[in-house]
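**Q** Following the hints, put chain B in place on chain A, whose structure we already have.
If you're matching them up, the sequences are chains A and B in order. Reminder that position 239 of the first sequence reads as 239 in our numbering, one-by-one numbering, no gaps. Counting the second sequence from 1 gives a position; our numbering is that position plus 469.
Don't read these hints as lab results, they were simulated from the structure. Every value quoted in this text rests on a predicted model; they were computed, and no experiment measured them. A hint or two may mislead.
Among chain A residues calculated to face chain B with C-beta under 7 Å, some are [said to hold, decoys possible]: (1) A281; (2) V348; (3) S351; (4) A355; (5) L359; (6) Q370.
Computed cross-link-like contacts, DSS-like style, restricted to lysine-lysine with a CA-CA straight-line distance of at most 30 Å [claimed, not checked]: (7) B/K644 with B/K621; (8) B/K698 with B/K596; (9) B/K698 with B/K642; (10) B/K621 with B/K698; (11) B/K613 with A/K346; (12) A/K346 with B/K596.
For every residue, glycine included, the Cβ atom is placed at its ideal position computed from N, Cα and C.
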Amino acid sequence: MSVQAPERPTTADYFPTEEEYVGLLGRRTRRATWFKLFCLGMLTIAVLALATLLYTIVNDSFGLVAVVNQNEPEDIVAGLGHDPETTTLGDLDYDELVGLLEANVSSGVGRRLEREQRFYEDRLVFEDEATWTEICSSDAPPTGCTAGPRDGANVLALVQERVVVPDVIASYELVPSMLDPEAFEAEVMAGFEAGRFPEYTADQAQFEWRAWFSPTFLMSPASATPEIAGIRTAILGSLWLVVITVLFAVPVGVGAAIYLVEFARPSRFNSFIQTNINNLAGVPSIIYGMLGLAILVRVLEPFTSGAIFTSGPAPSDNGRTILSAGITLGLLTLPVVIISAQEALKAVPDSLRQAGMALGATRWQTVRSQIIPVAMPGILTGTILAIARAVGETAPLILVGAASFITLDPTGPFSKFTALPIQIFQWTSFPQEEFRNLAAAASLALLILLLTLNAAAIVFRNRFSRRAE
Amino acid sequence: MNNETYTEEATLDTGAPRPEVAAGPKPAGAPATSPNHVMETRNMSIYYGDFRAVADVSLGFARNEISALIGPSGCGKSTVLRSLNRMNDLIASARTEGEVHYHGTNIYADGIDPVRVRRTIGMVFQKPNPFPKTIYDNIAWGAKINGYRGSKANIDDLVQEALEGAALWDEVKDKLQESGYSLSGGQQQRLCIARAIATKPDVILMDEPCSALDPIATLRIEELMLELKRDYSIVIVTHNMQQAARVSDKTAFFNVKLNETGMRTGRLVEYSPTEQLFTSPNEKDTEDYITGRFG
Numbered sequence: 001m002s003v004q005a006p007e008r009p010t011t012a013d014y015f016p017t018e019e020e021y022v023g024l025l026g027r028r029t030r031r032a033t034w035f036k037l038f039c040l041g042m043l044t045i046a047v048l049a050l051a052t053l054l055y056t057i058v059n060d061s062f063g064l065v066a067v068v069n070q071n072e073p074e075d076i077v078a079g080l081g082h083d084p085e086t087t088t089l090g091d092l093d094y095d096e097l098v099g100l101l102e103a104n105v106s107s108g109v110g111r112r113l114e115r116e117q118r119f120y121e122d123r124l125v126f127e128d129e130a131t132w133t134e135i136c137s138s139d140a141p142p143t144g145c146t147a148g149p150r151d152g153a154n155v156l157a158l159v160q161e162r163v164v165v166p167d168v169i170a171s172y173e174l175v176p177s178m179l180d181p182e183a184f185e186a187e188v189m190a191g192f193e194a195g196r197f198p199e200y201t202a203d204q205a206q207f208e209w210r211a212w213f214s215p216t217f218l219m220s221p222a223s224a225t226p227e228i229a230g231i232r233t234a235i236l237g238s239l240w241l242v243v244i245t246v247l248f249a250v251p252v253g254v255g256a257a258i259y260l261v262e263f264a265r266p267s268r269f270n271s272f273i274q275t276n277i278n279n280l281a282g283v284p285s286i287i288y289g290m291l292g293l294a295i296l297v298r299v300l301e302p303f304t305s306g307a308i309f310t311s312g313p314a315p316s317d318n319g320r321t322i323l324s325a326g327i328t329l330g331l332l333t334l335p336v337v338i339i340s341a342q343e344a345l346k347a348v349p350d351s352l353r354q355a356g357m358a359l360g361a362t363r364w365q366t367v368r369s370q371i372i373p374v375a376m377p378g379i380l381t382g383t384i385l386a387i388a389r390a391v392g393e394t395a396p397l398i399l400v401g402a403a404s405f406i407t408l409d410p411t412g413p414f415s416k417f418t419a420l421p422i423q424i425f426q427w428t429s430f431p432q433e434e435f436r437n438l439a440a441a442a443s444l445a446l447l448i449l450l451l452t453l454n455a456a457a458i459v460f461r462n463r464f465s466r467r468a469e
Numbered sequence: 470m471n472n473e474t475y476t477e478e479a480t481l482d483t484g485a486p487r488p489e490v491a492a493g494p495k496p497a498g499a500p501a502t503s504p505n506h507v508m509e510t511r512n513m514s515i516y517y518g519d520f521r522a523v524a525d526v527s528l529g530f531a532r533n534e535i536s537a538l539i540g541p542s543g544c545g546k547s548t549v550l551r552s553l554n555r556m557n558d559l560i561a562s563a564r565t566e567g568e569v570h571y572h573g574t575n576i577y578a579d580g581i582d583p584v585r586v587r588r589t590i591g592m593v594f595q596k597p598n599p600f601p602k603t604i605y606d607n608i609a610w611g612a613k614i615n616g617y618r619g620s621k622a623n624i625d626d627l628v629q630e631a632l633e634g635a636a637l638w639d640e641v642k643d644k645l646q647e648s649g650y651s652l653s654g655g656q657q658q659r660l661c662i663a664r665a666i667a668t669k670p671d672v673i674l675m676d677e678p679c680s681a682l683d684p685i686a687t688l689r690i691e692e693l694m695l696e697l698k699r700d701y702s703i704v705i706v707t708h709n710m711q712q713a714a715r716v717s718d719k720t721a722f723f724n725v726k727l728n729e730t731g732m733r734t735g736r737l738v739e740y741s742p743t744e745q746l747f748t749s750p751n752e753k754d755t756e757d758y759i760t761g762r763f764g
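Bound-form chain A, shown alone (with noise of 0.2 Å):
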C-alpha cells in the first residue's frame, strides 16, 4: 500500500494494510453475526420458557373429564314437575332450591349452613327461633346473624354441592382431549375394571368436557368440593390487596423519591437511607412477611383489626385482615417504588429545575407543576411493575395470615381474606386430582388479572404522558 517506505515507521504506518483491514472486517462481521444470532437464541428460550408456562396452564385448564352424579339434574328437575328437556337447575326459583336443600340435606349440615348465612330474611329454614335468638346474642354470634341472606347462585351453588353432588373421577388435559378423546374414555374404564372407582358402576360415568376456567369458577366462593369451587372470594381479596397495596406504597414512594432527589442535600445521613433502600430492595419477600406478622398483626392489631376506629365490637377479631396484608405487600414494593420513582425524576433534565427556579418558583411549584408531569410516565411504569409482582406474592400473605379457607366476600380493609397466589398455593397441595385443573384454572385468573391492571396501568400512564406533552 504504501509508496515510499519511512525511515522510522510512523503512528499512521501502524494501521492495517488494505488487505489486513478487509480480513479483519470480515471477522468483526462474523463476530456481530454471531452475536446477533446469540442474542436471538436467547429471546427464543425466554419465549419458550414463557409459551410453555402457559401451555401447561391452559391444558390443565380445559379438557374431557368423567362424572358422576349422585343425583342426576334432570331427575331433581323432574322430580319437582318440569319437563327436564327445558328446565335446568338454574331455572328454579329460589324457594325450590331451597325446599331441595331442606329434602336432601341433613339437619346438621343444614343448621350449619344457616349459621353461615341464613337464606330468609324474615324465617328460618333448619333453626328454631329460640336457638337462633340464643345463640345470636351469645359473646360469639356466627356470622348468619350479621350477614344478610344468600342470593339465589349461592343456594343454586349448594344444591349443586349438596343434592346433585358430582364427583369428578377422572380428568384429562386439553390436548390429548382433543387429539384422542377416546382414549380417555378407554382409560376410565379399564380404570373401572381394575376397581379404581368402587363406588360407581361403568354405566353411571357421563364423559364430558369441562372448562375448569369458566365464568362459574370465576364467581363462586371457594368450597371444599372441587366441582363446585371457584375463585371469586381469591379474586375480590387479590383486588382489595392491590388497592391497600398502591395506597400506601405510591404515595409514601413517591413521596420519599421526591424528596431524596429534589430536596435533600447530600450528606451522610442520606446516603445511607439511599444505600439501605437499594438493600431493601433485595431483602426476601417472606421477611417482610415476618415484619407484616410481628408489627402488623400483632403490635398494631387494634389498627388494622379496625378496633380503634370503632366503639362496639372490632370489625375484625385479630389483626389478619387485608389492611395488614395490604401494608406488608406495599411495604414490599416500597423500596422498588422509590428506586424507579427516583430514576424517573433523574431523568428530568436540570436546565427544567433551573428554568422554573430562575422564575421565582419556589422549590416545590417547580418539582409539583414542572418535574413531576415530565417523570409521571417513568413513576408509573416503576410502580406498575413493582405492583404486579406484589399482586402475585404468596409468601408474606402465609405469614400474614390469609384464611386458608374462606367463603364470605371481603367487604373492606378489615375483612379476613384469600388471595389467588394463596388459593393456588393451597389447591395444589390437595389430594384430589381435580384441584390441580382448578389451580391451573386460578392460575390463568391470576395471570389475566395481572394482563388487565398492567393495561389499565399502562392506558393510564399513556394518557398521562401525551397530556404532559
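**A** Below, chain B without anything else, positioned relative to chain A:
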C-alpha cells in the same frame, strides 16, 4: 451559608411599581450604591467546595444598559452571572463571598429569600429550555406561581404582551396551545425570553443565549436585546466577541489566572465601555484576547 429557605413568600405585585428586594440589614460601612447602578458586586468570590472559581469581582451594572461578560472558557463569567440571582445556590457545593447589591440591598444578606431575588432578576439560559407544556402555559406559569391575580383575560393579555415583547407573537399567535417543543431552536429561545419578561423582572441575565442558535436566529435575539434594554437592564455572558461588540454598552473581560497552587481562578481583568474595551483596551491581556492571540 446561603442555605435556601423554601418559604412560600407573600405574593408580590407584578405591576408597575418595581418590587424592591426585602430590606435586609445593611452592612455597616457599605459604600453607597452608585445611583445609576441596578446591581453591583463587591469583592465577590465564588467557591465550589474548596476551589475558588472566581476571585474579587467588583462590577456595577447600569440601568437600561446591556453589560457583557466575555472571556476564555473556564474564566468564571457564567459563574459570576449565576451568582447575580443566586442560581448558584442550587449547586450544593457552591458558596459566594463578598456582596452583591441590588438597589442597595445585599442579596446574600441573611433573611433574603433567594426565591424573591430570582423573581425580580430573571434569567435566560444557554440552551433553550421551554417547559414541556403549551406555549401559552410556558408564559402564564411564571405569573401564576408568583400570585398573579388577573382573570383569564388578563392572563391572555399578559401572554400576548410577553410574546410581543420577545418578537414571537406573530409567529405563534395561532398555535398558543401547541407544545413549546414544536418551535424551532431560535423560537424556543425567544419563548424563554418571553417567559422571563412575563413575570416583569427588573434585570434579565442571559447566559450565552445564542450559542445554540444559527446566525439568523442569533441576529433576531440580538435585535430583541436592543429592544428589551429600553425596559430592562441586561447582563449577558457571551463567547462571541462580535456579539458583545454589537449589543453591549459595557464589557467586562475575565481571564483565568493560575495561582500558586496551580488552581485556575477567574479574575476580572478589565471593565470599560464596550467601544473603549475593543478599540483601546487598558490591559495587555484584553488586547491579546480581543485580537485573537489566545482564547
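**Q** All hints are to be evaluated individually against the structure, with a verdict given for each.
**A** These are the hints, each one checked on the structure:
no., hint, verdict
1, A281, "violated (26 Å)"
2, V348, "violated (9 Å)"
3, S351, "holds (4 Å)"
4, A355, "holds (5 Å)"
5, L359, "holds (4 Å)"
6, Q370, "holds (5 Å)"
7, B/K644 with B/K621, "holds (18 Å)"
8, B/K698 with B/K596, "holds (21 Å)"
9, B/K698 with B/K642, "holds (24 Å)"
10, B/K621 with B/K698, "holds (29 Å)"
11, B/K613 with A/K346, "holds (26 Å)"
12, A/K346 with B/K596, "holds (19 Å)"
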